[in-house]
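> Here are the chains, one letter per residue:
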Amino acid sequence: MSNIDKATVAKIARLARIKIEDDKLEPLAGELNNILGWVEQLDEVNTDDIQPMSSVVNAKLRWRQDEVSDGDKQESVLKNAPNAEYGFFAVPKVIE
Amino acid sequence: MTDLTKLTIAEARDLLKKGDITSRELTEVHIASVDAADALNAYIAKTPELALEQADKADAKIKAGEQKGMTGIPVGIKDLFATKGVHTQACSHILDGFKPEYESTVTQNLWDDGAVMLGKLNMDEFAMGSSNETSFYGPVKNPWRRGDTDTVPGGSSGGSVSSVAGFAAMGATASDTGGSIRQPASFTGTFGFKPTYGRCSRYGMVAFASSLDQAGTITRTVRDGAIMMESISGFDVKDSTSVDMPVPNFEAALTGDIRGKKIGIPQEYHLAGMPAEIEALWQQGIEWMKAAGAEIVDINLPHTKYALPTYYIVAPAEASSNLARYDGVRYGLRDVPQNGGLVDMYEATRAAGFGDEVKRRIMIGTYVLSAGYYDAYYLKAQKVRQLIADDFKRAFEKVDAILTPTAPSAAFAFGEKSDDPIAMYLNDVFTVPASLAGLPGSSVPVGLDANGLPLGLQILGKPWDEETVFKVSGVMEEAANFTAKPAEWWR
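Quick mapping for you: the protein sequence lines, in order, are chains U and F. Numbering (this note's numbering) for the first sequence: 2 to 97. Numbering (this note's numbering) for the second sequence: 1390 to 1880.
In case anyone wonders, no lab produced these hints; they're calculated from the structure. Please note that the accuracy of each hint is not assured.
[Said to hold, decoys possible] Derived pair list, reagent style DMTMM-like, types lysine to aspartate or glutamate, alpha-carbon separation capped at 25 Å: (1) K20/U <-> D1724/F; (2) K12/U <-> D1745/F; (3) K1406/F <-> E1438/F; (4) K1450/F <-> E1640/F; (5) K1806/F <-> E41/U; (6) K1694/F <-> D6/U; (7) K25/U <-> D1646/F; (8) K1679/F <-> D1646/F; (9) K1782/F <-> E22/U.
Only chain U is shown next, with the shape it has when bound in the complex:
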């Protein structure tokens, strides 16, 4: 089923927002194919009529009042930012 080529690795890398140098695409394709080939043994398992697991503990999500319980921490939130200006996270220019 899986046959990941260089172009597919480049596409996944783009989706994952990880820059991969051209000479690394081929070896990575090999590694990913190995791993995916190995996980494909799951195809042997009959899963007709099986519901996919959504939670390991059968606990219902709790209800709570929709009210503010925390906040007003601009300084804390920005404390670890590589670049913060005027109370905002600063990033390279997006619009030309």
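Starting from the structure of chain U, add chain F where the hints point.
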């Protein structure tokens, strides 16, 4: 004077109570022991000033008659627990310089009980690894050696087990996603405990795979594990998957009485090619259980062989989503290529900040969640995961606990498995199924292999029945009488 670093938590607690020692004395000795263990590379940040401050507070608490199990006890904290103002990077380059403005609930629980933090412990980057070789801060060494050859401590909680086995902490926090507590415990002759998913809050734990991640402990004895687990457990409104149930007195479960308990032996765990001494030790464990009055029951967990491939779809998928947050905007590393825009910054930051194994898993996860592949991989894996959980459910209708080896080998040498991802993944073959099903489990040290390296046996229990896991672990510990200690070459 006895060496205070050799005390168990339970012994120290009693001496503190009697006033024979102070937490300050205990802490000072441990700070020195942490420094003396630099060769293990278990600690990646030390907090001696904070430790002494906490120790003095603990001594005041004890004087005031407010002592709890962990009051005044010096511990190490795995680097993936957020500790306010202190190094918290899950041993990744991408979180360079990150000092959280908040505290994880697990560590807050410890500090509320008066515990003392010696520092932050090394681990595989984002807990992705089984040998602690993927840390940005370099590998951790196992206190136990194979002759003159250094061995890995296992992973991902390598710093946690190494510090505890090396007497540089009385206990340590750890986390389990697919075996990251039990496998390294087995490699280092320590006791590792992973509770039921939802028993501990995940608030402030750096997320890897959220449906699997669960906090736990590394200690030198079962009793110490019970004391420390009780401290870190409990419901927390800040984690929607934490479950609102009372925390039992785990130590009280250590009655030593397992008469009439049914212990299941899963036939699928007899792996072809597993070292004979591990099979023999497992058999020995079965005999010990029988001698203690338990009934041995053969059980089947038919989907066991599919647990690892299931895990290696589910965990990378969740990781690719969780690790999307590391983009160079809000914290940690930022790498902007010259004249680069926003997307260039994301791509360069993530390329520079993540190690090879983390990148590999993000790529796998991105692929299996991408359009056209979601059903074939992710949905399929979640269905098989349900079958694996159903296997356990059926087995636990017949038995109270399950006994297996913890890992298919003893500790191995550096580089021995790091070139082959799948060979590395196979380390977790016995621990991953219970992680997928969210079950509580432990690894108890029971013996040494022919090379003098420790081996552990795994005990699994029903959801929310940590007490039986502790009870059976306690009986196993007493029967095994594992008293071997590593030669202290690192001092």
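> For every hint, state whether the structure bears it out.
Each hint tested on the structure:
1. Taking the CA atoms of K20/U and D1724/F, the gap is about 11 Å. The hint holds against a cut of 25 Å.
2. For a cut-off of 25 Å, the pair hint linking K12/U to D1745/F stands: about 18 Å separates their Cα positions.
3. Between the alpha carbons of K1406/F and E1438/F the distance comes to roughly 24 Å, so the proposed pair stays at or under 25 Å and holds.
4. With a CA separation close to 22 Å, the supplied pair K1450/F and E1640/F stays within the 25 Å bound.
5. For a cut-off of 25 Å, the pair hint linking K1806/F to E41/U stands: about 22 Å separates their Cα positions.
6. Between K1694/F and D6/U the CA atoms are separated by roughly 28 Å; this puts the pair beyond 25 Å, and the hint is violated.
7. Among the hinted pairs, K25/U with D1646/F is inconsistent with the structure: their alpha-carbon atoms are about 58 Å apart, more than 25 Å.
8. Taken as a hint, the K1679/F and D1646/F pair is honoured in the structure, with Cα atoms around 12 Å apart against an allowance of 25 Å.
9. Annotation: proposed proximity of K1782/F to E22/U is violated, straight-line Cα distance about 47 Å (limit 25 Å).
Against the hints set out earlier in the document, violations occur for numbers 6, 7, 9.
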